[in-house]
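K.L.:
All chains should be built: construct the whole structure from the sequences, respecting the hints.
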Amino acid sequence: MREKQIRVLLTVARFDGHDRGVRYLARKLMEFGLEVIFTRFVYPQDVVSAAIQEDADVVGVSFSVGGHKVITPEIIKGLKENKREEVLIIVGGVIPDGDIPELIKIGVGRTFGPGSVAADIAQYIKDNVAQRAISSSK
Amino acid sequence: MMFKKEFLEEEEKVKKEWQELYDNLYKGKEFKATSDSGTPVKSVYTAKDLEEIDFQPEMPGIYPYTRGIYPVQYQFTPWFNNLVLGYGLPEQTRERMDLLKEMGARGYFGKDAYNLVFDLVAKAGYDPDDPEVRGRVGQAGCHFATREDFDRLFHGIDLTKVSVVHNICRATLVQIAMYVAYLEKRGIPIKKVYGNSMNWLWAFAFVGNVAFPPKNAFKLMAEFIKFCCRNMPQWNHTNIVSYYVEESGGNAIQEAGFAIAAGIAITEECIKAGLEPDEFLPRFGFQIAQASDFFEEIAKVRAMRRVWAKVNKERFGCKNPRSLHLRIHSQTSGVTLTAQQPLNNVIRTTLETLGAVLSGTNSIQTNSYLEALSTPTEESHILALRTQQIILHETNIPNVSDPLAGSYYVEWLTSKMEEEIFKVIEQVDKMGGFIKCWESGWFKDEITKSAYKWRERIDKGEKVIVGLNKYVTEKEQKVPVFKYPEIEDEAVKRLKEYKEKRDNEKLKTALKRLKEVATLVDGTWPEHSGELMPAVIETAKAEATLGELQGVLREVFGWA
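Chains as they are written, first to last, in this note's numbering: chain A, 2 to 139; chain B, 4 to 563.
Quick caveat, the hints were computed from the structure, so don't treat them as lab data. Note that this is a predicted model, so its numbers are computed, not measured. Even glycine gets a Cβ: it sits at the ideal position worked out from N, Cα and C. Keep in mind that the hints are not guaranteed to be accurate.
[Unchecked claim] Pulled from the structure, derived: some chain A residues nowhere near chain B, Cβ distances all over 10 Å:
hint	residue
1	Glu103
2	Ile105
3	Gln124
[Claimed, not checked] Selected chain B positions facing chain A (in silico; Cβ < 10 Å):
hint	residue
4	Gly141
5	Ala143
6	Asn212
7	Val213
8	Tyr501
P.N.:
What follows is the structure, encoded as structure tokens:
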């Protein structure tokens, strides 16, 4: 039987122009066999709705000018309210080191800063989505 | 023929000798290399290469200005230490303005000068209480919402003596309208102020932000230019920011080509709005990236000066020499800096600053070595300034204008760049012009392809970035980064108080009137051109906030 393709929603705020990295990542993840949906969001709720509609296994949000401390918790909360806590959340862009522990604590899988290698991100997604599927089916 | 026949014959002889030595030592091994934008380069250049490009005698300050726009370069006035600054509340940004001034940052002719960058919230023209912008107020730029914020930035400063850069992109028109209202309140005649505004609405052809749609972006740029060149004669109204092309992933040829194509389109729109090119072109400036390919970036700048002069002379028939001058602000490249081993960035920004100086730029922003990690700390900001000061005072480089002129390689590469830039301009023309190419998404596609290629070369190790894909170390280099002050609540509180104390009835009438004028200007373009900016200024005088003014423009001109 053919394995179900992992679906990744990559998104960045519509008023943040720093999208070079995330758009590059979108193409690379496709090359690594993942299905990618790229959107721009206005409110955190848009990310939640898109993740549900697209049946995403992974949500990747990019922040380069702040906002991660406010937006990320709301996305995670919205997914939980919709019983989609198995969705893997990753965060990219310019995230100050000091803010990372708090993001991990609230449920972000990992953050990927400038210079991250797309192959590593793809591998991380593949490993963790599989693991989450096992633990949520138990 | 530039060289005497005898000289070229001598060169042929010595080249032959060289070829024999080469073959002997390297046994037919071929050297293959390209510049970062893909131009093949040889291992050595000769007089014959200059003969082939039809090299012409040129002097600085004389058309076509390859060697510089003035007869001398830095001998009588150094470049503008144009360090971008801005974070938190306006009074916090003011502290950094004062610090850099104290450390010796200066504009042209030793004047005080400030390059203010506003946060992304203000850059898009939102107020801090807009639900879309939560978490970003005062980050990566200075918070700005009301006329009072100008007072917090500029109290005690004689604005007729200093130069201020207002880096606020999509909200240029409304923020400068608020500046005009502020100046009037302080009793300062607007024709006496110096400074720059961005007016780079075209850049959203490839930068991913929400913005005014293509056709209307050009109308708004022309409206702004029309007001400035008729009311603020010393104001540099338009900054063509090609920097973002390279930052978004484009190469040097694309940067130069897209920027000049944009300049052509803005000029055409202004002509449509009833202006003469010689009226407004002297106040156009360019913001150019100085990236890592040392000589290609220098050749790019020299070629851009030449292309801009030729285009404005031949295409638009400009008579005023200042219309032909490509005035340049160079910014060292942000994307070449790494989060890994961040101290290496000091070396990168130094090389890029040196390149900018050798290219004969007019103004330089040296990035802080923390660029990939945070906004500059005080220490890293001062170090960036010191980089410029060391080159200026310790190297004797500024004694001689355009010191690379005549170099076989640099002159050949300059001509090659010129040829490639003209090809891009022709291609844009063929596809129906800049607006058509924006609408079709062509710019974005081209830049995305180039960004992909760049990163693939790094991942495959074809392009080495020290500390990123070679000489990688496990041990992380710890550097102190800048921590943004938490100011969002304070900004929202100030906004609320501001709205409570103004005459809201008067404002309502003004906003309604503004919408009528904006609708008229848009719907009848260009018949009523010139009427928008005065209406925005009137509404700004009625104490409208940045978000309220931009809100009207968004509603009328679209926002997507």
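K.L.:
Are there hints from earlier that the structure breaks, and if so, what are their numbers?
P.N.:
Those not satisfied come down to hint 8.
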